[in-house]
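Those sequence lines, one after another, are chains A and B. If you're matching positions, the first sequence starts at 1 in my numbering and goes up one per residue. If you're matching positions, the second sequence starts at 1 in my numbering and goes up one per residue.
The hints are simulated quantities; they were obtained by calculation from the structure and are not laboratory data. This one's a predicted model, so the numbers in the text were calculated from it and none came from an experiment. All C-beta atoms, glycine included, are put in the ideal place defined by N, C-alpha and C. Keep in mind that the hints are not guaranteed to be accurate.
[What the hints assert, rightly or not] Derived list of chain B stretches under chain A, where covered just means 3 residues or more per stretch with a C-beta under 8 angstroms from a C-beta of chain A:
no., segment
1, 43 to 51
2, 132 to 139
3, 236 to 248
[To be verified] In silico DSBU-like cross-links for lysine-lysine, where the CA-CA straight-line distance does not exceed 35 angstroms:
no., chain 1, residue 1, chain 2, residue 2
4, B, 287, B, 107
5, B, 235, A, 123
6, A, 311, B, 107
7, B, 235, A, 6
[As the list claims (entries may be wrong)] Residues of chain A placed beyond 10 angstroms of chain B at every Cβ, according to the derived structure:
no., residue
8, 102
9, 136
10, 163
11, 194
12, 205
13, 206
14, 287
Protein chains: 2
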Amino acid sequence: MPDSDKVLLAHGSGGKLAHEIVRNSVVSALDNPILNVLDDSAVINANGRLAFTTDSYVVQPIFFPGGDIGKLAVCGTVNDLSMSGARPMYLSLAFIIEEGLPVADLKKILASIGQTAAEAGVKIVTGDTKVVDRGSADKIFINTAGVGMVPEGVNISAANARPGDKVIVSGNIGDHGIAVMSQREGLKLQVPVPSDCAPLNSMVAEMLAVTARIHCLRDPTRGGLATTLNDFAEKSNVGIRIEEEQIPIDKAVAAACELLGFDPLYIANEGKLVAVVAPEDTENVLKTIKHNKYGADAVIIGEAVTEHPGKVVMKTALGASRIVDIPVGELLPRIC
Amino acid sequence: MPDSDKVLLAHGSGGKLAHEIVRNSVVSALDNPILNVLDDSAVINANGRLAFTTDSYVVQPIFFPGGDIGKLAVCGTVNDLSMSGARPMYLSLAFIIEEGLPVADLKKILASIGQTAAEAGVKIVTGDTKVVDRGSADKIFINTAGVGMVPEGVNISAANARPGDKVIVSGNIGDHGIAVMSQREGLKLQVPVPSDCAPLNSMVAEMLAVTARIHCLRDPTRGGLATTLNDFAEKSNVGIRIEEEQIPIDKAVAAACELLGFDPLYIANEGKLVAVVAPEDTENVLKTIKHNKYGADAVIIGEAVTEHPGKVVMKTALGASRIVDIPVGELLPRIC
Numbered sequence: 001m002p003d004s005d006k007v008l009l010a011h012g013s014g015g016k017l018a019h020e021i022v023r024n025s026v027v028s029a030l031d032n033p034i035l036n037v038l039d040d041s042a043v044i045n046a047n048g049r050l051a052f053t054t055d056s057y058v059v060q061p062i063f064f065p066g067g068d069i070g071k072l073a074v075c076g077t078v079n080d081l082s083m084s085g086a087r088p089m090y091l092s093l094a095f096i097i098e099e100g101l102p103v104a105d106l107k108k109i110l111a112s113i114g115q116t117a118a119e120a121g122v123k124i125v126t127g128d129t130k131v132v133d134r135g136s137a138d139k140i141f142i143n144t145a146g147v148g149m150v151p152e153g154v155n156i157s158a159a160n161a162r163p164g165d166k167v168i169v170s171g172n173i174g175d176h177g178i179a180v181m182s183q184r185e186g187l188k189l190q191v192p193v194p195s196d197c198a199p200l201n202s203m204v205a206e207m208l209a210v211t212a213r214i215h216c217l218r219d220p221t222r223g224g225l226a227t228t229l230n231d232f233a234e235k236s237n238v239g240i241r242i243e244e245e246q247i248p249i250d251k252a253v254a255a256a257c258e259l260l261g262f263d264p265l266y267i268a269n270e271g272k273l274v275a276v277v278a279p280e281d282t283e284n285v286l287k288t289i290k291h292n293k294y295g296a297d298a299v300i301i302g303e304a305v306t307e308h309p310g311k312v313v314m315k316t317a318l319g320a321s322r323i324v325d326i327p328v329g330e331l332l333p334r335i336c
Numbered sequence: 001m002p003d004s005d006k007v008l009l010a011h012g013s014g015g016k017l018a019h020e021i022v023r024n025s026v027v028s029a030l031d032n033p034i035l036n037v038l039d040d041s042a043v044i045n046a047n048g049r050l051a052f053t054t055d056s057y058v059v060q061p062i063f064f065p066g067g068d069i070g071k072l073a074v075c076g077t078v079n080d081l082s083m084s085g086a087r088p089m090y091l092s093l094a095f096i097i098e099e100g101l102p103v104a105d106l107k108k109i110l111a112s113i114g115q116t117a118a119e120a121g122v123k124i125v126t127g128d129t130k131v132v133d134r135g136s137a138d139k140i141f142i143n144t145a146g147v148g149m150v151p152e153g154v155n156i157s158a159a160n161a162r163p164g165d166k167v168i169v170s171g172n173i174g175d176h177g178i179a180v181m182s183q184r185e186g187l188k189l190q191v192p193v194p195s196d197c198a199p200l201n202s203m204v205a206e207m208l209a210v211t212a213r214i215h216c217l218r219d220p221t222r223g224g225l226a227t228t229l230n231d232f233a234e235k236s237n238v239g240i241r242i243e244e245e246q247i248p249i250d251k252a253v254a255a256a257c258e259l260l261g262f263d264p265l266y267i268a269n270e271g272k273l274v275a276v277v278a279p280e281d282t283e284n285v286l287k288t289i290k291h292n293k294y295g296a297d298a299v300i301i302g303e304a305v306t307e308h309p310g311k312v313v314m315k316t317a318l319g320a321s322r323i324v325d326i327p328v329g330e331l332l333p334r335i336c
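Extracted from the complex, chain A is given alone in its bound form:
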């Protein structure tokens, strides 16, 4: 069979072409001694509390300002592990590719995966490639699962917020959603918005070096800041009060949201975290986040309270209070 610049059904068959693409493209981009064995499972050493997570990525378009589906797939799983307090270590990587995807696109995505994994200090140790016929998928879908170790003494959960705890956001919200959305819809924003897509494991490690009393931690992806805060309020059975004026938003994102009729509280982020922290640790944690390259714009946006348990209430810029609910239906499909 001749060389092809498109991915063929045969590339997912388990035959020679499949071997070729795995060896030439995947292993060369992600070279490490565990992956190179190419047995059915990777075998690694683990002692203690293991965090384990998975996400599939179906973002459309697959390339967008500030990232691509590959970078997103690594950051998303690295961040999910980090939000449990774990040190991310190993990732799996599974592709579902639509027949006809340019091999050049696959290589670009693999390079991006390799680069992001290197930055985050994680290894891709096992993987899978399936190819489906044209029209049965949309270019490429990626699943990553990840494992990491949770250091002793760390106990982070959405159920751990206590009245008096402060709520910190690590930077501007809504960048990722607006970046993908404007690329997809061909919107010409006055100032282009790049996705905030970034691995946050170094930030979390630095925070945990300051104090183990990080109560809740979450990256506000699908459903945005509002959904994350509601989850904390519900699971911890506390109220959460936030101040609209404190919520950091890039001007271009705010303008795009106004134009499109979106509330930035509900827009996905891929390089931000929300932390609920004991009051006595708040200043130190905030300072630490601000020192990290992805946390310069971090601020305290509110606190956990005994009133209105399970609900998030926002004091608006005009001084009124409104309940910030979770969205019922679809906001932005295929944002990650």
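Start from chain A and add chain B according to the hints.
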């Protein structure tokens, strides 16, 4: 938003409908205390050598004789872990669903996942659901990743075959591929062939209780027995000699292969294993496999030899010898 009997884009949005489907369908089908926490990562205890693997499932049709995409997704990952000698423990479960999938189909698949996981003694501890617009996927794709612990003293690898070792197959080959193929193409076989889809972890545990000297172990899925044996020969740098007359094939499968022009050596299996075992352990291991409910038809089909390293040679029923190569291109797309 009204109740729907179809999966909607909103079910994958991170909003209320997404919460509802996760709580009502997924968690109720797979109930266990780790999953129920629904944090970003599952946290579990691990001490020792951890096996970690992933596979995506894109089988078409999603329901077929003897199984469905859900059963397949659990068995596939349980079996990949088992083939490294690991005891499978925890699985992740990620859906990519095409908008419009009947919710009844999703529930049937979830029930099947729950049942298969229970049989295999594994827990689904973390997951993800994405919904894409109609036409951007084909009904449902599933990714499972899995972790398990490798017992001390176990050292299984495709690179471990030694001349003199015997090659055992745990039963009839080709059932899964022919079952899916005939369902997809609407073939009316004289005798219907059900998929062999089954979790093999109990079989492997029983084998390892007999001897730690299992050298190679693999479930011959995509690419079939031929591809598995070639991988062993290549990685172990030994020749493998097999006898056509010893290879167990169901009559209906043999007939279907003849009709369709397929070589059963290349057809996918989902409930079979190939073991390469030290000669002194062969009889005991074979007896053990035959006692397992999925191993009644196990046989020795050949051995590893010093001649023709890296190649698989088959003595045919007529006494001739032929090289059994790995396939170049596509055999049966979307078989798993």
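**Q.** Interface exclusion of residue 194 of chain A relative to chain B, criterion Cβ beyond 10 angstroms
**A.** 22 angstroms, holds
**Q.** Separation of residue 205 of chain A from chain B, once the least beta-carbon distance is taken, above 10 angstroms
**A.** Check passes; 15 angstroms lies beyond 10 angstroms.
Q) Holds or violated: the segment 236 to 248 of chain B covered by chain A, criterion of 3 or more residues with Cβ-Cβ distance under 8 angstroms? A) With 0 residues closer than 8 angstroms to chain A, the segment 236 to 248 of chain B misses the three-residue bar; violated.
Q) Non-interface claim for residue 287 of chain A: all C-beta distances to chain B beyond 10 angstroms? A) 25 angstroms, holds
Q.
Can you tell me if the segment 132 to 139 of chain B counts as covered by chain A, using C-beta to C-beta distances under 8 angstroms and a minimum of three residues?
A. holds (count 6)
Q) Does the alpha-carbon distance linking residue 235 of chain B and residue 6 of chain A stay inside the 35 angstroms limit? A) The given pair, whose Cα atoms are some 29 angstroms apart, holds under the 35 angstroms limit.
Q. Would residue 136 of chain A pass as off the interface with chain B, using Cβ distances and a cut of 10 angstroms?
A. 4 angstroms, violated
**Q.** Given coverage of the segment 43 to 51 of chain B by chain A, checked by CB-CB distance under 8 angstroms (3 or more)
**A.** With 9 residues closer than 8 angstroms to chain A, the segment 43 to 51 of chain B meets the three-residue bar; holds.
Q) Is residue 102 of chain A truly not at the interface, in the sense that its beta carbon sits beyond 10 angstroms from all beta carbons of chain B? A) Non-interface label stands for residue 102 of chain A: nearest chain B Cβ at 18 angstroms, farther than 10 angstroms.
(Q) Need the status of pair residue 287 of chain B, residue 107 of chain B: alpha-carbon distance at most 35 angstroms? (A) 39 angstroms, violated
(Q) Would the non-interface assignment of residue 206 of chain A survive a Cβ cutoff of 10 angstroms against chain B? (A) 19 angstroms, holds
Q. Are residue 235 of chain B and residue 123 of chain A close enough, with their CA atoms no more than 35 angstroms apart?
A. 23 angstroms, holds
Consistency note: the structure conflicts with the earlier hints numbered 3, 4 and 9.
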